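2 protein chains.
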Amino acid sequence: MSSKSYFSGVSRRALLSVLAALPALSISARAQTAASGDTLPSWNDGATKQAILNFVAAVTREGSPDFMPPAERIATFDNDGTLWVEHPMYTQPAFVLDRVKEMAPIHPEWTNTQPFKAALEGDMKTLGAAGEHGMAKLVMATHAGITTEEFQKIVIDWFATARHPRFKRPYTELSYQPMIELLAYLRANGFKTFIVSGGGIEFMRPWTERVYGVPPEQVVGSSIKTKFQMRDGRPELFRLPEMNFIDDNVGKPVGINEFIGRRPIAAFGNSDGDLQMLQWTTMSGGVRLGMLVHHTDAEREYAYDRDTSFGRLDKALDAAIVNKWTVIDMKNDWKRVFAFE
Amino acid sequence: MSSKSYFSGVSRRALLSVLAALPALSISARAQTAASGDTLPSWNDGATKQAILNFVAAVTREGSPDFMPPAERIATFDNDGTLWVEHPMYTQPAFVLDRVKEMAPIHPEWTNTQPFKAALEGDMKTLGAAGEHGMAKLVMATHAGITTEEFQKIVIDWFATARHPRFKRPYTELSYQPMIELLAYLRANGFKTFIVSGGGIEFMRPWTERVYGVPPEQVVGSSIKTKFQMRDGRPELFRLPEMNFIDDNVGKPVGINEFIGRRPIAAFGNSDGDLQMLQWTTMSGGVRLGMLVHHTDAEREYAYDRDTSFGRLDKALDAAIVNKWTVIDMKNDWKRVFAFE
Chain A
429 MSSKSYFSGV SRRALLSVLA ALPALSISAR AQTAASGDTL PSWNDGATKQ
479 AILNFVAAVT REGSPDFMPP AERIATFDND GTLWVEHPMY TQPAFVLDRV
529 KEMAPIHPEW TNTQPFKAAL EGDMKTLGAA GEHGMAKLVM ATHAGITTEE
579 FQKIVIDWFA TARHPRFKRP YTELSYQPMI ELLAYLRANG FKTFIVSGGG
629 IEFMRPWTER VYGVPPEQVV GSSIKTKFQM RDGRPELFRL PEMNFIDDNV
679 GKPVGINEFI GRRPIAAFGN SDGDLQMLQW TTMSGGVRLG MLVHHTDAER
729 EYAYDRDTSF GRLDKALDAA IVNKWTVIDM KNDWKRVFAF E
Chain B
429 MSSKSYFSGV SRRALLSVLA ALPALSISAR AQTAASGDTL PSWNDGATKQ
479 AILNFVAAVT REGSPDFMPP AERIATFDND GTLWVEHPMY TQPAFVLDRV
529 KEMAPIHPEW TNTQPFKAAL EGDMKTLGAA GEHGMAKLVM ATHAGITTEE
579 FQKIVIDWFA TARHPRFKRP YTELSYQPMI ELLAYLRANG FKTFIVSGGG
629 IEFMRPWTER VYGVPPEQVV GSSIKTKFQM RDGRPELFRL PEMNFIDDNV
679 GKPVGINEFI GRRPIAAFGN SDGDLQMLQW TTMSGGVRLG MLVHHTDAER
729 EYAYDRDTSF GRLDKALDAA IVNKWTVIDM KNDWKRVFAF E
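So the sequence lines, in the order shown, correspond to chains A and B.
Under my numbering, the first residue of the first sequence is numbered 429, with each subsequent residue one higher.
Under my numbering, the first residue of the second sequence is numbered 429, with each subsequent residue one higher.
Simulated from the structure, these hints should not be mistaken for laboratory data.
Check each hint, because a few of them may be wrong.
[Stated by the list, open to error] Straight-line C-alpha distance at most 27 Å; calculated BS3-like pairs for lysine-lysine:
no., chain 1, residue 1, chain 2, residue 2
1, B, 529, B, 653
2, A, 620, B, 581
3, A, 655, B, 581
4, B, 596, B, 763
[As the list claims (entries may be wrong)] Some chain B residues close to chain A (C-beta under 8 Å, calculated; not the full set):
no., residue
5, 647
6, 659
7, 663
8, 690
In this text, all values refer to a predicted model and were calculated from it rather than measured experimentally.
All C-beta atoms, glycine included, are put in the ideal place defined by N, C-alpha and C.
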């Protein structure tokens, strides 16, 4: 992503919401649709849906030359732009900007220090000019210096009240209904589904099970270092202001190998950040499924590919033709995009 | 571990074995014992066995004040000395020494270069003097510079023929039958079982599912860095001679948090390297199970604790009293140690 992208918009925090249970529909309710009657009901019939059905049939039918035992049915999903909305800005930078405002009273020096000053004033031009280095400062100031338990509570509280600037809904409701059905359909066919995201691993884990049916131990993501220590006789993990792992681009196959230890047989992405994950998954012999979500629906969601400042789909779109990956045309392949439609 | 420990003995490779399927008993055969009739049949009745049964009853009985939903039933197991034999030397250094000999023909310079010369000559005194730094050189020379697929094949081939110096059996047969029953018993009660070991993650993953019923994605361990690259149009992960993560001592809670993302409710170890894992698991409120395998059986296995040069159980043994962890007395609590007895 380009640094500019982080600041192309700021989510606003609903002031009056209570810190209640997170408001997204639960996976159990949403997955039921997929289990009863029509398979993948939010997908239009056509070549894309058929590619999924054909692949699953090939690898699950006993006696098929392409049969894979359940243990090898590993499927990996990117998150931003693949499972939920990533425009007009990624969710995590929206969280960062809200956190800077929240923390400002105990950091009076921020009113005179960049990039904090710009973040507090919503000065997107200055923030953009501060680039990745500026963003890293904001991330470390808001993500480190506390324990893992404290951070988890902050994330849960934020998701309970934050709203997407266009859809005015909790971010967790902006997951794609067809992809949630696909996750459930794969699991019903013996697959183990993993998230492999450039996003922060501890920013996702508190809600992925409820929203996607993917438990924390099946989430791979970027992370900062933590340090074990005893404090007042209690063990804790303290979050350090130092990058540990960046799970994007060439990092995705590395993360898959380190966390999962098996090569997936199906992988789903939407941008050039997913190119290497799809290469690693599909270019190893055997029947494999590589899919890219192509954002073609400005009306129901967004339309962007080669020319966007982030979530760019360019090299991977070319590679899809060469490697016979299936490109999901959001506008034509999805009957509905969100559960709330 | 002290560096001396790595070289206190060298496993010999059986020359005539074929590179066939690995010879250990399969988990399916071994777990059957646990499923039928007596629970944990290789455990003698007594306080230790009862501690396990009481804990599982408390956290699985609906309506119990200590009930934990299946998703939270995470159990973590150390490997060396907890699930299989670690004396007279860890298995992985035995692998390293065998690999050095295997690779020597393409490294003629090793006959004049330490610590390789000492490794080739079985000169344990010089190897011991070379310390951790010397061991790191041998590890990188034998574990890096190849792809993950190549390394996996080397590991599988080695286990097919290597034999333990005392028991003259494949290392994978030297897993403890009571612990294999315990793993199966916990899984039968809705637990997800993980290995959290100081050993190399890619040294364990090829066989943990078959031997312990623990799939690769539930193995946490130490690792070196890998690099994604395309070579001749094929994606590969190349193993670099650089440490990535050391999953021991304070590293164990860090690894648990990074790979699993939930705090275990039961943890099993045997040495001071497991101290922090047991602290992290048990000192968080609620009914928790912390257990230490105490090697008290020189006849059937080995006897060591505070005075051994490696696998030392000292601080953790003191902590067990304070924290009410259960200490497994191998000699008295285990009816049999190995499946082949």
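Okay, the hints, checked on the actual structure:
1. Between residue 529(B) and residue 653(B), the direct Cα distance comes to roughly 24 Å. Compliance with the 27 Å bound is thereby established for this hinted pair.
2. Under the criterion of a C-alpha separation no larger than 27 Å, the hint pairing residue 620(A) with residue 581(B) is consistent with the structure, at around 24 Å.
3. For the given pair, residue 655(A) sits about 34 Å from residue 581(B) by alpha-carbon distance, which is inconsistent with the 27 Å threshold.
4. Taken as a hint, the residue 596(B) and residue 763(B) pair is honoured in the structure, with Cα atoms around 22 Å apart against an allowance of 27 Å.
5. Hint status for residue 647(B): holds, given a least beta-carbon distance of 6 Å to chain A, under 8 Å.
6. Below 8 Å, beta-carbon pairs count as interface contacts, and residue 659(B) has none with chain A, the closest being about 11 Å; its hint is therefore violated.
7. Given the 8 Å rule on beta carbons, the hint for residue 663(B) holds: about 5 Å separates it from the nearest Cβ of chain A.
8. A least Cβ separation of about 5 Å between residue 690(B) and chain A falls short of the 8 Å threshold, and the interface hint therefore holds.
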